[in-house]
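Based on these hints, arrange chain G on the given structure of chain P.
Note that the protein sequences, when read in sequence, are chains P and G. Numbered continuously in our numbering, the first sequence closes out at residue 135. Numbered continuously in our numbering, the second sequence closes out at residue 132.
These are computed hints drawn from the structure, not numbers from a lab. Please note that the accuracy of each hint is not assured.
Unchecked claim - Simulated crosslink set (SDA-like; lysine to any residue; CA at most 20 Å straight-line):
id	chain 1	residue 1	chain 2	residue 2
1	P	Lys130	G	Leu41
2	P	Lys130	G	Leu40
3	P	Lys130	G	Ala55
4	P	Lys104	P	Phe115
5	P	Lys106	G	Ile33
6	P	Lys106	P	Val94
7	P	Lys130	G	Ser57
8	P	Lys10	G	Thr5
9	P	Lys104	P	Gln114
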Amino acid sequence: MSMTNQAPPKSMRTPLGRVRSLGAAHTGTGDFWRQRLTGVAMTLLIIPAIWVVMMLVGRNQAGAAQILGSVPIALILLCFIVASTWHMKIGMQVIIEDYVHDEKLKLAAVMANQFFCAVVALTSIYALLKLSSGV
Amino acid sequence: MTAKTERPLSPHLQIYRLTLTMAMSVLHRATGIALYVGTLLLAWWLIAAAEGPNAYSHVQAFTSSFLGRLIVFGYTWALVHHLLSGIRHFVWDLGYGFKANEREALTWGALLGGIGLTVLLWMIAYAIGGGR
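The shape of chain P in the complex, shown without the other chains (with noise of 0.2 Å):
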């Protein structure tokens, strides 16, 4: 049988074995600990992200545009808002990887789960930005 045609000759060695000693990629932390960081930033701006929703019960438009658009609140809630999409596509894309096992489908939504989480956080970050300008 001739050889010519042929990739290189199967390695007997199992994945693991062939992975065993060459160390971490360093890499693989970088969402569990991105997903504590946001959550620690919501901890933390949860009283002043309830606070401001408190502040625009039962106001109209006028009222609620002029809060909306003061520095702070502003700050307070383009924070929050930052903290939470980011924390929420992470969230989205363990539960997609744990449930989703076909691999095509599997990108397909880790995918739309980043367009998801990108559109909803620049459609809010829009608004508080067009709130703030004033026009």
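Just chain G now, kept in the frame of chain P:
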């Protein structure tokens, strides 16, 4: 690339008695998913406030309807529950609260605290909103 191995499977969920921490783990995920979808409401509300009185009146019509109020109430509970349950995870991340009684106390605290705080927040919201 996965190695084909013939090993016995570990017993799955239905083998175990449902414990409080198990149920809360599921609830943490469920409230996380609910909050994920709920951000659409938050984005809609902000965009409407930026757009003008007409757009904002649609949001207010929704949030003052029975269904809308139910959804916002559910969103409040999901938020507070996920927050307290998350703080419980921070305690565990730092290496505390793993003893049986500590673990149960943390979990009951997050569950009951979440319900209590939600009711409290809505009472405050009604008191403030009614005054405006």
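Review point. When you check the alpha-carbon spacing of lysine 10(P) and threonine 5(G), does it fall within 20 Å?
Key: holds (18 Å)
**Study point:** Pairwise hint evaluation, isoleucine 33(G) against lysine 106(P), where the allowed Cα distance is 20 Å at most
**Key:** holds (17 Å)
Practice item. For the pair we were handed, lysine 130(P) and serine 57(G), check the Cα-Cα distance against 20 Å. Key: holds (18 Å)
Review point. Within a Cα-Cα threshold of 20 Å, do lysine 104(P) and phenylalanine 115(P) meet the stated pairing?
Key: The given pair, whose Cα atoms are some 17 Å apart, holds under the 20 Å limit.
Check your understanding: Given the hinted pair lysine 104(P) and glutamine 114(P), is their alpha-carbon gap at most 20 Å?
Key -> Cα-Cα ~16 Å, so holds.
Check your understanding: Given the proposed pairing of lysine 106(P) with valine 94(P), does the C-alpha separation stay at or below 20 Å?
Key -> OK: lysine 106(P) and valine 94(P) at ~11 Å, within 20 Å.
Exercise for review: Would you mind confirming whether the straight-line C-alpha gap from lysine 130(P) to alanine 55(G) stays at or under 20 Å?
Suggested key: holds (15 Å)
Point to revise | 20 Å Cα cutoff - pair lysine 130(P), leucine 40(G) | key: Judged against 20 Å, a Cα distance of about 18 Å means the pair holds.
Check your understanding: CA of lysine 130(P) to CA of leucine 41(G), is that 20 Å or under?
Key -> holds (18 Å)
Hint compliance for this structure: no hint is broken.
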